[in-house]
Amino acid sequence: MLSPRLGRVAAALVLTASIAMSQTGGSADPVKVLLITGGHPYEEDAFMDVFRSMKSVSFTHVALGGEAEKKLKPEEAKKYDVLVFYDMYEQCAPYLGDLQFLLEQGKGTIFLHHALGSCSEDLEYGYVLGGKARFDSEDPKATLSHFKGGTSYRAHIEDPNNPITAGMSDFDVTDEVYSNYFVDSDSHVFLTTDNPNSGRQLAWTSQYKKSRVAYIQLGHDHVTYENPNYRRLVERSILWVSGLLKTPATADTSPGEKPDEGAKLYESLGCGACHGEDARGGRGPDLRSHALWSRSDAQQHVFDTINGGVKGTEMPSFAKSATEQDIGNLVSFLQHLQSDAYGPIGGDANHGREVFQSAGCAGCHGATGSGGALGPELAAVVRSKGLDYLKAAIRQPSTVPFNYAAVSVVTKDGKRITGRRCNEDTFSLQMVDYSGNLQMFLKDELKELVYEKKPLMPSYDETQLSPQSLLDTLAFLQIAFDRPNL
Amino acid sequence: MRFLSYLICAALLVNAGQAASKEVSYEEIANPSKEPQNWLTYSGDYRGWRHSVLTQLNATNVKQLGLQWVFNDGQIGKLEATPLVIDGVMYVALLNNTVFALDARTGREIWAYRRPEVLRSPEHINGPISRGVAALGGRIYLATLDACVVALDAKTGAKVWETKAADPNHGYYFTLAPLAVKDKIVVGVSGGEYGIRGFVDAYDAATGKLSWRFYTIPGPGEPGHESWKGDTWKTGGGPAWMTGTYDPDLKLIYWGVGNPGPNFYGKDRDGDNLYSNCVLALDADTGKLRWYFQFTPHDVDDYDATNVPVLLDANVAGQKRKLLVEANRNGFYYVLDREDGKFLLAKPFVHVTWAKGIDPNGRPIVSDSPLLVGSERHVCPGLFGGANWPSPSYSPETGLFYFTSRDECLIHLPKATQYMAGELFWGGDSESIIPDDRARGAVVALDPLSGELKWEFPHFSESWAGVLTTQAGLAFSGNDEGYFVALNAGTGKVLWRSALGGPITASPITYSVQGKQYVAVASRSGVFAFSIP
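Residue numbers (this note's numbering), protein chains in the order written: chain A, 144 to 629; chain B, -8 to 524.
Hints are not guaranteed to be accurate.
Here's a subset of chain A near chain B, in silico, CB distances under 8 Å, partners left out [unchecked claim]:
no., residue
1, ASP568
2, THR569
3, SER571
4, LEU581
5, LEU585
Pairs of lysine to aspartate or glutamate residues, derived as EDC-like cross-links and limited to a Cα-Cα distance of at most 20 Å, are as follows [unchecked claim]:
no., chain 1, residue 1, chain 2, residue 2
6, A, LYS586, B, ASP78
7, B, LYS200, A, GLU301
8, B, LYS155, B, ASP144
9, B, LYS200, A, ASP313
10, B, LYS200, A, ASP587
11, A, LYS454, A, GLU369
12, B, LYS406, B, GLU388
13, B, LYS155, A, ASP315
14, B, LYS338, B, GLU447
15, B, LYS406, B, ASP261
16, A, LYS454, B, ASP158
17, A, LYS222, A, GLU210
18, B, LYS242, B, GLU19
19, A, LYS558, A, GLU591
20, B, LYS13, B, ASP64
21, B, LYS155, A, ASP172
22, A, LYS586, B, GLU100
23, B, LYS155, A, ASP429
24, B, LYS225, B, ASP259
25, B, LYS220, B, ASP158
26, B, LYS200, B, ASP263
27, A, LYS555, A, GLU591
28, B, LYS507, A, ASP587
29, B, LYS155, A, GLU457
30, B, LYS225, A, GLU457
31, B, LYS313, B, ASP238
32, B, LYS279, B, ASP331
33, B, LYS347, B, ASP263
34, B, LYS279, B, GLU330
35, B, LYS242, B, ASP350
36, B, LYS406, B, ASP359
37, B, LYS507, A, GLU588
38, A, LYS222, A, ASP172
39, B, LYS200, A, ASP315
40, B, LYS279, B, GLU213
Worth flagging that the hints you see were computed from the coordinates, not collected in a lab.
The C-beta atom is built at its ideal place from N, Cα and C for all residues, glycine as well.
Generate the whole structure from the sequences, applying the supplied hints.
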């Protein structure tokens, strides 16, 4: 049975459902991958499972030393959309010319793990890959790269806007890592680690001639092969180099056709027990949050979460209690629920980030608006006073909170200090000076105390900050606000 | 460009009032006597002395101590925090995951951190308390009730990072003040009454990444695992809920471990139940166990060994030794060698019935059946112990060891209990032997080498206040009546008192700002600071 409350929501959703449905397309043919190995041992079966598990990929595996060289001939290579190299091979001369030709034609190419060390004597190969490692050399003075097995580290999504990692979060890996390798400055690094045993750059994309190229350092053995984040990285890299991955990524799963059915399911599966009757969250997270739905793969992510559960948490898998169609309906229901609750602001967050820096906001409020010595955490402002207040305050900071007023003092020994008032009473004053130092005075230590008329917060009129730039800035902040670490 | 013009008008300044821009270093924490004006870590130093070399306040002028300020953020409840003071700024954690930066001369708030309640925590049997924060670099560290460790910017209170240590829905939470050691933030988890598997964690102070974890209950294949029957280790408790101490020369962290779970019912967990009720010596860099000493093997009386382990060096039988001393919750005072954990001495300091004594290896000689009356276990001390978490103190000036004792017997009612994740897992109950019987508290001064009683200051009520001593011969403590007292550290005579409007369940500190010495302590009514005019 529908609860009366959800029933109303569901009824409203039916009206809008048809609009949403038209935005999702049908499924395409699988991307044809030529998978090339050679020169380095690996766990073949487990590695092939990575590719077997990919719904959007079909692949042919060949080894260097005969077969692969044949397949790289232009006539043969036409049959494949993407090349994936998982080799560490030095007899490169026989095929480098063909590879060059293919890259000039725009063949998307991926290099995995030890492929960074292939063709180590060929400089151009480094530009193909966007980076280079050299683990061995006859030249005793050569700078060598290092490797270290069984290293546990946290892989950090360096660029959340990269379509390959869109929607992914930082994840843990135990793998062989490399260090002391070269990364081309034109490569666009999207995955990093702080682990000192590894080079910082774990994965990057680059352009070589007309081709998109991606490199992923991860993937020594089955431990990583079986890591769903690794599989996802490889699959999405394949899609990206093949040109299929757009920004924002196209949804992989169409939501079900019937959000009202999803509403019923929300109740019958007992989702509300943890996520709240109205999905506002409780024991489990708020299912309407912008953080969730702003992911480019939101539909897929929510679908997967419901279908597979989340390991190590209380979120169970509903694969046995609901069909894929049911879960699709549920995703659709939730998606509509959120768009009613938190519509996206709609600006260009990337431009907003630039504006936030160039307009000077970051100087006081921190790089992501998380607060600094002189300016408050903007997420806290929105939490307590709402987005409209923030918008108005950017245009005209009419009401300055007590603890953000600008004050100047002159001490009895003649020193002048200006800054932000943190607190003040009849006998004392606490402030932060412009260097960010806390300064505390008893008033009888002061010769002068001046309340500055101008607030610390400048006003930004439309000539200084166009309506579009304001919107973009808010879009940037909206993403920043929803970051769990704020 | 507007911001730049602000910067230009900020000239280079020498402080006129009290300016704070200090970033606390490990070396400074390790050498507190070099800056006695500050209180940089929970116990005032790594040795757990809670002793200050400030001497402006002395036995003569202490009578003139007057209230300078009280701070309360409006939340009422038991406060257990030790404040830190860094160059005139006090950092204190109050109830429900709040941290405040205060002007230490006036008590005025500079910033507040209030943690949005992101997760439902289990009901906290001791209240939503915190015992304080740690400071390192330009940051303040809080261990939260929802089992996270949070780093805050010391100047603004803005969150720099946060790391979730465990699942609060399964009974894991933090109440302790973290300990900053070198570049790490060390914490121990609470939840011994929820059937947790306890641990001590060290986090990278810069990034919040876990550097090491030591599980206080060894898993399969680890030494000590055989001291648990079957799967009982999985719910074996062993919380580590009090701030430990550290020896920079030996590079060892000393950390107390609490009761095995379930607290009162031991039949299902035959064996010594390591490392419950132990003090652990852990390598500060790796978290590897160097040695352990178990005060109460196979405990059924909730005798957590979480009292602050105090580190002193002294001549024992003509030999200079590095010692660890502690008045344990089980009613015995212990002296150990802190290099290898060797047992040197144990002596009861309250009425003890659970053990007849301690054998030459440090193992208790447990009393037999008379304790059991039917299914009831009549035992002294009761579950709250002969001494509990309120801080002890050691004064090199008097050479005495100080702590708050409590004399109380209780009836424990053990009962088999089914473990349910996130539910209380006491394994029974407890009650008073005589309904109107009261626990008696006292400030006790012992000779630390012999455990001999030097003097005692009895409270009418029980006390959950720690002890602070100063180089000028003063000892400060308090009690449940709300009295904050200054005693002569040599004799125990009262020199001064003030009523703070609510039980004092915290440990005092002293600090100085611009040449004036203050004494501060929290009571239920807030944080109080005193000085002479």
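(request) Tell me, in ascending order, the numbers of any earlier hints that this structure violates. (result) Hints 2, 10, 12, 20, 21, 25, 26, 35 are the ones this structure does not satisfy, whereas the remaining hints hold.
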